[in-house]
Amino acid sequence: MSALTKDRWRNRKAGDSLAGYLFMAPTILIAGVFLILPIAYAIALAFQKVQLLGDVSYQFTGLKNFVRIAQDDRVWIALKNTASYVAIVVPIQTMLALTLALILNSQIKGRSWFRVAFFLPTVTSSAVLTLIFMWIYNSNGLLNGVLSFLHLPTYNWLGDPNVALKGIMIMNIWSTAPLFMVIYLAALQDIPETLYEAATLDGASRWEKFLHITIPFLKPVTFFVIVMGIIGTFQLFDQSYIFSAGSGGPNDSTLTIVLLIYQYAFKNLDMGYALALTLMLAAILMTSTIIQRTLFKEERLD
Amino acid sequence: MKIGLKKSGLGSLILAAIALVGCLKQVTRSPSQNAFKQEESPVTITLSGWQSNPNEKQLLKQVIQAFEAKNPDINVKYEVVNSEYMDVIKTRLIGDVAPDVFYLDALEAPLLMQYNVLEPLDSYITPAFNLADFESSMLNAFKHNGKLYGLPKDFSTLALIYNKKTFAAVGITQPPQTWDQLIAVSKKLTIDQNNDQKTDQYGFGLAPELARQVFVLKAFGGQLMGQNAYATFADTKSLKGLQLVIDQYRRDRTSAQPTDVGATSGSEMLGQGKVAMTIEGTWAIPYFKETFPELDFATAEVPTINGKSGTMAFTVAYVMNRKTKHKKAAWKLIAYLTGAEGMNAWAKQGLALPTRRSVLARLGYNQSPLYAPFAKGAKYATIWQAGKNLPTVRMNFNNQFISALLGEQTLPQAMKKAQDTANREIYLGN
Amino acid sequence: MKSLRWSTSLLYIVLIAYTVITLLPFAWALSASFKSLAEISAGGLSLLPKQLTLANYQTIFVQEPLFGRWLMNSAIAAISVTLLNLLFNSMAGYALARIQFPGNQLWFFLILAVLMVPGQITLLPKFLILKSLGWLNTYQGLIVPSAVNATFIFMMRQFFVNFPKELEEAAALDGLGRFGTFFQIVLPLAKPALAAQTIFVFMGSWNEFLMPLVILSDPEMFTLPLGLNAFKGQYISYWNYIMAASMIFTLPALAVYAFFNRYFIQGVAFTGGKG
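Protein chains in written order, with the numbering used here: chain Y, 1 to 302; chain D, 303 to 732; chain W, 733 to 1007.
No lab work stands behind these hints: they were computed from the structure. Just so you know, these numbers come straight off a predicted model, no measurement behind them. Among the hints, a few may not be true.
[As the list claims (entries may be wrong)] 20 Å max Cα-Cα, derived SDA-like pairs, lysine to any residue:
1) Y:Lys267 x D:Glu511
2) Y:Lys267 x D:Asp407
3) D:Lys678 x D:Asn668
4) W:Lys863 x D:Glu511
5) D:Lys627 x Y:Gly54
6) Y:Lys209 x Y:Ala198
7) Y:Lys267 x D:Trp633
8) D:Lys520 x D:Gln495
9) Y:Lys219 x W:Phe895
10) Y:Lys109 x W:Val746
11) Y:Lys109 x W:Ala749
12) D:Lys627 x D:Asn377
13) D:Lys630 x D:Ala371
14) D:Lys520 x D:Ile548
15) D:Lys718 x Y:Val75
16) Y:Lys64 x D:Arg726
17) D:Lys359 x W:Gln832
18) W:Lys863 x Y:Leu52
19) Y:Lys267 x D:Ala513
20) D:Lys625 x Y:Leu52
21) D:Lys591 x W:Lys863
22) D:Lys681 x D:Gly609
[To be verified] Computed from the model, here is a short list of chain W residues facing chain Y with C-beta under 8 Å:
23) Pro757
24) Tyr826
25) Pro834
Beta carbons are placed, not taken as given, at the ideal position from N, Cα and C, and that holds for glycine.
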């Protein structure tokens, strides 16, 4: 910015504020009404005991809903399931996505075909995918067929609580990794070739180039991938719902936090409590994002 | 749609999109808004339900057309909700855009009746309507505080369905009539055909959900819910009944769940030959005829437990939205659909039994060898309904019952856990 | 690349194995869509139908008179949403990443906060808002709430964070204002990110189910997933119809992806080594 004179700098600053808001205007308007307003409504309801059906009534209850969370066993089970799910799925899917992107960004023959094939699970809606997987995970289905062909142990993927969640994990990694692979691929396009050329001239090895050019450049995108990965897995619902027909069973083994929220909101019509749980979830996610933000120190704007 | 157009290209595309949306707004005003602008007649009312199979929609449309022919001043818009039916209905009720007439399952009825969103039908019923013709237990499922809120359109009970061929193969000619007989017969019917240590056919196909087990826990005098709407299914009497199911699965190894054998329902297990008997509803009959036409099956009443007959009944009613603007028209539709003529047309498909005794007799379900056990069950069936807390109770029961089935906990432990959790949620939710 | 031959071969083997694993479920689903329910229920894992039947597709296309209408509704919604998102999300992402304006951090925080709340929760309030606007059963009800997307605002921001400042400064020296810089310099260079956004937003809108389920009651306004869901059945799963419907459903989204995939290829010559 040193090239500009002081006057132009001041004008630019004022113009910037206006420009900033003009750029943001559609987002502020639409997101304000359709995203932020509903959330504000939800927050308000979390502090109340509310009846929305029939004779509508609101009753302020303060922190009662939140106290209830502490005593509710199923909340802790759901959190534990969700946390172990996140801890396993996010690292694996991030690394898989990055690996696939790097491989498919290179001079491999047929990479276009590979890219299309790999992306197929992502392009399919999760509902359809889960249905397909219900069939594959069938005790007599494809997966057990392949396993027994390879003389590996077979499982009752759908009925055994110990494996049900793992089955969902596998399905999820397989279907979400390609999504992040595409994002990594896009990001890899933006790394200037000149940097690599200069490094080659300096005698850097491939590994050194990777460590010192590729990885740092991918930092902002990796921040995105991991944050979205965590948010996505924490909000796991579709697969868990279809798998267990909405119950979270067998024996709460596939109960995720959003499924629990959904059960309270729509099955029991206990809106206030469901929204208190939602706030708790949002708080967890916000905290984790802030932690990551400090880990992934970004370049500040000048 | 190429990205990377120059600014003008992209910009004009955006403007085009916005203009398109704006135009469409004019074109697609929802029909009901238009109808509202016209005179009072013809009146348009909306009917919502789910469909159990693709053929159902056609059949219902035919019945509706017959109604419209008789009532030229009423137009019926049939809107199917095929996923999350109750969630959608509840959401629409909250938003005041619910249909005028809609299906309501007995299970879900208590909640809606309590929240006062349904129109009581007593004042509309005339003697000519012949309310007494209805199976009274089905009617009672839709009564609340002495008022009737829905008219049941059909029902299904559970009956024993068995594979005649497999029975004959081990020399059994009669289906079991008591539960002890069922256990004994299952042992004979559990076969490892090729001696590979894996059972190829189980005696009995089991559905480990509360919806199918309530009559079992009542057999020795247990109760699902107590007087004050709390769950009581973990008491010793209920456990005695449920233990029979657990024992057959764990100790005898003569029964199987659908997931054990790679099926998704009891009917499928029987059709695929994975089990020799199962307890299913009337919907299984058209299913077998269509999907497993070679299956040689027969039906019988559910075997008695502890000397008592028992089975489950599932029923769905037509109800009227209390906030409908066309109460008379809505009533006419309900009256037709649940009248003798409408019900007769509907019940022909054999998916469920008609709730009017006269129609039941006229269509011959009482005599039909396949349907008779289902029809007989109506007299002693437990209706799948238990107040507005049933969904909570069901979820907890199903969750823990499987755990007991798998041997992770003993039955008393599992049921106590389920009952306590359910009751706590009920308490806190109030 | 001067990699050892065995490591390249190993790579190919791994890639092909992964491809097979990925394609197998879809191959199965595709073959199931040509089978009768009886054949599917009888069990067995054959990839080739014993009796190939077109009846499933016939039922869906022919018996369902509204099929064409549903397809059109889905297309209109998905295309409009994608175009609007591309414009609005990129603008917002750029502003958050490159323009210093008061409240920049606050808005970024709000965008992130929006992401934390699962969609099932905002379903009911959104429904009530749409209802009060009179937008139930309308195209604008389907399109406008989804016209911006917090996830992709976030993504575009991350992409623009690394954007070379020199280009912006050069544009400023040339006399281009912020808007000019954005539309003429920045956006054309963000093609890969825009391509990625196109794919995802289109897919998201195409596959969207819960919101349309709740706000659309008029069958003429249904989107494709909603309409095709009719074939599920209450007590029994009609796998044959479900699979046929799933195939019909997935193919357009796959086509969009295959088309936009080319924007990732052009980068290969650009970046050189895979690192």
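Each hint tested on the structure:
{"no.": "1", "hint": "Y:Lys267 x D:Glu511", "verdict": "holds, 17 Å"}
{"no.": "2", "hint": "Y:Lys267 x D:Asp407", "verdict": "holds, 14 Å"}
{"no.": "3", "hint": "D:Lys678 x D:Asn668", "verdict": "holds, 8 Å"}
{"no.": "4", "hint": "W:Lys863 x D:Glu511", "verdict": "violated, 38 Å"}
{"no.": "5", "hint": "D:Lys627 x Y:Gly54", "verdict": "holds, 16 Å"}
{"no.": "6", "hint": "Y:Lys209 x Y:Ala198", "verdict": "holds, 10 Å"}
{"no.": "7", "hint": "Y:Lys267 x D:Trp633", "verdict": "violated, 29 Å"}
{"no.": "8", "hint": "D:Lys520 x D:Gln495", "verdict": "violated, 36 Å"}
{"no.": "9", "hint": "Y:Lys219 x W:Phe895", "verdict": "holds, 13 Å"}
{"no.": "10", "hint": "Y:Lys109 x W:Val746", "verdict": "holds, 14 Å"}
{"no.": "11", "hint": "Y:Lys109 x W:Ala749", "verdict": "holds, 15 Å"}
{"no.": "12", "hint": "D:Lys627 x D:Asn377", "verdict": "holds, 14 Å"}
{"no.": "13", "hint": "D:Lys630 x D:Ala371", "verdict": "holds, 17 Å"}
{"no.": "14", "hint": "D:Lys520 x D:Ile548", "verdict": "holds, 16 Å"}
{"no.": "15", "hint": "D:Lys718 x Y:Val75", "verdict": "holds, 19 Å"}
{"no.": "16", "hint": "Y:Lys64 x D:Arg726", "verdict": "holds, 15 Å"}
{"no.": "17", "hint": "D:Lys359 x W:Gln832", "verdict": "violated, 59 Å"}
{"no.": "18", "hint": "W:Lys863 x Y:Leu52", "verdict": "holds, 15 Å"}
{"no.": "19", "hint": "Y:Lys267 x D:Ala513", "verdict": "holds, 16 Å"}
{"no.": "20", "hint": "D:Lys625 x Y:Leu52", "verdict": "holds, 15 Å"}
{"no.": "21", "hint": "D:Lys591 x W:Lys863", "verdict": "violated, 45 Å"}
{"no.": "22", "hint": "D:Lys681 x D:Gly609", "verdict": "holds, 16 Å"}
{"no.": "23", "hint": "Pro757", "verdict": "holds, 5 Å"}
{"no.": "24", "hint": "Tyr826", "verdict": "holds, 6 Å"}
{"no.": "25", "hint": "Pro834", "verdict": "holds, 6 Å"}
Going through the hint list in order, the structure does not satisfy hints 4, 7, 8, 17 and 21.
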